[in-house]
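S.K.: Spelled out from the first residue to the last, the chains are:
There are 2 protein chains.
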Amino acid sequence: VWGNCPSSNASMEEVNGVPKLMDLLDEPVPGVGTYEDFNTIDWVREKSKDRDRHREITSKSKESTWALVNSVCDAFSGWLLMLLIGLMSGALAGGIDISAHWMTDLKEGVCLNGFWFNHEHCCWTSNETTFQERDKCPQWKSWAELIIGTTEGPFAYIMNYLMYVCWALLFSFLAVTLVRAFAPYACGSGIPEIKTILSGFIIRGYLGKWTLVIKTITLVLAVSSGLSLGKEGPLVHVACCCGNILCHLFTKYRKNEAKRREVLSAAAAVGVSVAFGAPIGGVLFSLEEVSYYFPLKTLWRSFFAALVAAFTLRSINPFGNSRLVLFYVEFHTPWHLLELVPFILLGIFGGIWGAFFIRANIAWCRRRKTTWLGHYPVLEVLVVTAVTAVVAFPNSYTRTSTSELISELFNDCGLLDSSKLCNYDNANVTKSSNELPDRPAGNDVYTAMWQLSLALVFKMLITVVTFGMKVPSGLFIPSMAVGAIAGRLLGIGMEQLAYYHHDWVIFRGWCSPGADCITPGLYAMVGAAACLGGVTRMTVSLVVIMFELTGGLEYIVPLMAAAMTSKWVADAIGREGIYEAHIRLNGYPFLEAKEEFSHKTLAMDVMRPRRSDPPLSVLTQDGMTVEDVETMITDTTYSGFPVVVSHESQRLVGFVLRRDLTISIDNARQRQDGIVSTSRVFFTEYTPPQPPNSPPPLKLRGIMDLSPFTVTDHTAMDIVVDIFRKLGLRQCLITHNGRLLGIITKKDILKHVAQIANRDPDSILFN
Amino acid sequence: VWGNCPSSNASMEEVNGVPKLMDLLDEPVPGVGTYEDFNTIDWVREKSKDRDRHREITSKSKESTWALVNSVCDAFSGWLLMLLIGLMSGALAGGIDISAHWMTDLKEGVCLNGFWFNHEHCCWTSNETTFQERDKCPQWKSWAELIIGTTEGPFAYIMNYLMYVCWALLFSFLAVTLVRAFAPYACGSGIPEIKTILSGFIIRGYLGKWTLVIKTITLVLAVSSGLSLGKEGPLVHVACCCGNILCHLFTKYRKNEAKRREVLSAAAAVGVSVAFGAPIGGVLFSLEEVSYYFPLKTLWRSFFAALVAAFTLRSINPFGNSRLVLFYVEFHTPWHLLELVPFILLGIFGGIWGAFFIRANIAWCRRRKTTWLGHYPVLEVLVVTAVTAVVAFPNSYTRTSTSELISELFNDCGLLDSSKLCNYDNANVTKSSNELPDRPAGNDVYTAMWQLSLALVFKMLITVVTFGMKVPSGLFIPSMAVGAIAGRLLGIGMEQLAYYHHDWVIFRGWCSPGADCITPGLYAMVGAAACLGGVTRMTVSLVVIMFELTGGLEYIVPLMAAAMTSKWVADAIGREGIYEAHIRLNGYPFLEAKEEFSHKTLAMDVMRPRRSDPPLSVLTQDGMTVEDVETMITDTTYSGFPVVVSHESQRLVGFVLRRDLTISIDNARQRQDGIVSTSRVFFTEYTPPQPPNSPPPLKLRGIMDLSPFTVTDHTAMDIVVDIFRKLGLRQCLITHNGRLLGIITKKDILKHVAQIANRDPDSILFN
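Top line first, the protein sequences correspond to chains A and B. Residues 1 to 767 (full-length UniProt numbering) make up the first sequence, in order. Residues 1 to 767 (full-length UniProt numbering) make up the second sequence, in order.
FYI, nobody ran anything at the bench for these hints, they're computed from the structure. If a hint is listed, it holds; no wrong ones were tucked in.
DSS-like mimics (lysine-lysine), calculated; alpha carbons at most 27 Å apart, straight line:
(1) A:Lys62 with B:Lys751
(2) B:Lys62 with B:Lys259
(3) B:Lys420 with B:Lys141
(4) B:Lys600 with A:Lys259
(5) B:Lys726 with A:Lys259
(6) B:Lys255 with B:Lys726
(7) B:Lys259 with A:Lys600
(8) A:Lys726 with B:Lys255
(9) B:Lys62 with A:Lys594
(10) B:Lys726 with A:Lys594
(11) B:Lys751 with A:Lys726
(12) B:Lys594 with A:Lys726
(13) A:Lys594 with B:Lys60
(14) B:Lys252 with A:Lys726
(15) A:Lys726 with B:Lys600
(16) B:Lys594 with A:Lys594
(17) A:Lys751 with B:Lys726
(18) B:Lys600 with A:Lys297
(19) A:Lys62 with B:Lys594
Start from the sequences and build out the full structure, keeping to the hints where you can.
M.R.: As structure tokens, then:
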């Protein structure tokens, strides 16, 4: 299927309802200039349309005060929209956090003061507890306590176990059923699709209100069910839904696909901003990872929206600590240059795991697509939930929510910490000193290390089958958990090594006894960054998000070393990040902007028609009848046709879209007198006088793109790909010595790229 | 002068010395594919060249281990280069800081322990001083003390005054003389030129080693002379020089203008990173303000380089406080929502001042360009220095260096601060409390306010004439100083208002007596951001730089409110920032990427030849002799010529550059047998057999661009401008129905833009 690129000029003359240079009969026909579902937009046309609109408002604004006010309103509508998106996304994220927290605790017990309190909140409101025992209070009853009246003994344990699994199954069943029944687009993380949409693809309903409602509800359910998934990726989808829905309030954004995508880019930044409490990181995430067209204006606005959202979320205060960030960490010890070695090791681990995860996950998803597995999504979700819950309950590190686990792993052990991971031998520590030296680990630390190792293996395996199921599922938190566990284990190992062998050459000088030289929490953080980097191949945004968590430039270098190593290692094993891999799996037409097109082919090798094919179907500017055109439309499936001066000369005049052509001819047959099958079709500026008895001519210059993009057949494909990416083209015509020779569409390029990479070119499904 | 766009294909076949598809006679001719000074590069060709080089290395890497190592080295050379730039720029910035600090103090006195100690360092090494009197120590002698033996009395004051002015004159005289004698490009801030260079312009020597050496030395001199200028802008220039010089170590970057510009973009980020100690802000500055082509790879690398530089600078520790940042601030009080009103007022002030400053400065610079003023640069510098020094000395706020002033203004008054600005009535304050309530101002505060008001007026006026003189001069610090003074004044005013009128409705509830509700230092910071924003129109990068100074997200909202207001207000008064204004003043061919082209014209309205002009000069692919071509070259001044099939058909074959054509013909005449004036020139793929007695033909297909960019005459100019910007073109050919009609160059577009804006189109000087 060929070209769909409509004319920027046609749009100028048609879409705004101001026909110029043309016959007055050519009034705008409804439907001309819109797109079908699962098609790619033409960025040039959309931007041109918006400039026309802007120009019109500016020129009108000089006429009256009202128009001036209107023009000022129009200029500020973008900012208002950003404010609204920030507020709405922040509020939704706060609601999701609070509900997920409550429902996660519901799996373990209930609050007697009111069932709507979560564990922490329940014990806060109770005044009987001391600071040390905040988690234990009489108002909070585990299910065993409530039902059989005791928390002791194997029976109570089994009771709690059973209730845990049952709640998990109930939540996940609800989640998958709601998704299937009301909004199939609400599943997954949504980021691959959002990337594709931002690059100019249309998936109607993907960012609609039903998706928003269902995704918000099922996200809470899925997270609460204890599945190995996070809410950070889906929050980006939720924020983009907010953005898309709020766009409908403003004509400027409702009617223009390019302008709307600017808003969606900002909304993606908002999503990450509320997910991690990292506004700058969010903006860079949008810039680096998801956006396709990111002008400076959008940068500024995204930043504003991300800040508004972060502050909205903070005023809701879902984490109960007035902190903006999801994981607040404060480290007290500087790191030593030699520690870069373990940090780089963590980077290598992250890279290998990331690449392994992507392969395994894609293989599993492909299996889901092609075998019987795909027919029983509810069953799949229930089985995975059951396995997760059954395996997770006995291990205290998998029983809690993953974000709590990460928080604990990032934490730098203080003297008062009651966590098992902080069970050090404090014999030699003077309580008054502010700095804690490295201490020998207690027994609980070794138990915790065993449990963490098991949790690591379990998380690594279960995440592979979880991501891609028919529930909302993010990947940030599980990846970070894997890395944080690995990092913490390495960190404790290093710490004990330094404590017991402080006379080794490598430790001499900076790890004398009594010095605090190794922070295991920092290792956990570096590990988390490495694994997240390996899976998503984020770089700057990853480091900045992590930087915003700690707030100090001090720890940027370790994070950077790990993120860099991880990306290089992962890239060496497999080029694609998880989102690109999923885009390819789904056959979306996404032209990767990061990768260089490195093959040396020319446009003539890629263009259609190929040498053995029949020649290109073209319209002539004045030689065809309505019937000829209609026959051509029914005989071919191309989305557009070039218009030439004559078949002999093949000199290009313009390009006309199949959709516009069909709509215009149908419209003319219905509304214009005397248009019959033998009427001649003219694309020329002036229609020659017709013989007396012939039917009136049909003038279609108005729907023709007078400025189709052309390149010569000798243009190197890397230049062609560059043009497609930078200008956002849908197709480009190929000429040789001024004669029209063929056409290259976005799909042709993607197929060519797939072929070069030894992949199936037919895996590209859409235009 | 028309087109200079060389062929991407020609470059493929020629520049790498691998002639393909061509006669073997076409060996690469030295000089083909290079640029002349003050010309615009062709991004498409340069990027294509680099891809070819990369392709070659990749394909070779499979052949031998050595080639593989080579290819890995090539891949990592970018990172190594970044490391080197970071180290070198960090070291240079440290050196500049230390020397400037020393020389600034030299104006006031000298250290007896060793003349190379600055005031602070001199008293540090002395053990006799207490913490409170760090500034006063016997080793440090003011000039009066040294020469006439006393610091008391009017005579000593006059002595000091005189020495201050003399040193200032000496420093500025040295600076301007050195600049004039050795490196005229070392003057100014350099940012306008760097913006132009990054957009693809060539100014040989602008980033050379002489510029680097002289700029570094004269920057120290200029800053020390006490002129109202900063070192932050010139540091960007210094970092870019480092980047450019280090590029010469790597063939990949030395030989490719596009790759080198990627490095320079990163170097600009490094410059800001070392100037403020704000690596993230630096990267965003490069992205937002100076860069033209900023791919994601560059983002990541800039970040790395910026970090390396920041840490290098910190390890040199020029500020003596182990801080990364130039102005370290810590505020203790949150701000109140009502305070947004004064913050927005500061924004309005910043916007108005920014716009006023730009107009006044440009008017002054234009006068310098056109009148006698420009002929006496040394005199001008000396006069301005004398005025500055004479006026500055009596006022303690202008006598110190501007960055110390800003530091003091940003500072939140503690109990121990000895600054006049912190002279509050501490009667009611319990010394033990950590939080300082709002207190009534003492007499010294009122004196300080008077002095600050005078300093404000003086800085506002003198900066206008200072920026643009023939010494290195940055604008960040003077702008920030103006804003900081205004902000601090407003802040103290608000504070006293709140103290004395805490029962007013607006203060009720948050400014009760004894509460610390207003932080004048924060007002100073917001004011600084507002003025800097008004002058440079930076937005995100400005806020992020300021955020990195305080390190807390808390104060981003006030900064953002002020920066936003300031930009809007300034944009309403005059569209251009100071850098764009200077670019335009100098007539550089810079196509602004931020501004939308909003006029509704078509390509045919802008293209040359105009309707009344003689037709386009074209070459035919097989119908011309060497003499014909040479006549055409001498008769015209165009930089390039389209090649057509024949004059009748005007069907486009390719485009050939004047420079390449001249070089090739000269080369052929010298080295190829039998090429005479009557030899026929062929641009075709195959040369037809020549009649027996005719001279051998000259085949020039190799130097022809087989894929020139073309658009139709009906293409809207906004689309054409978009194509030029995004692809980095130099010229584009215009066709109508497949026939060549004309050409549009970057200069034509800039002239057209100037014309629309009612400016002189001939102000665009270069191609």
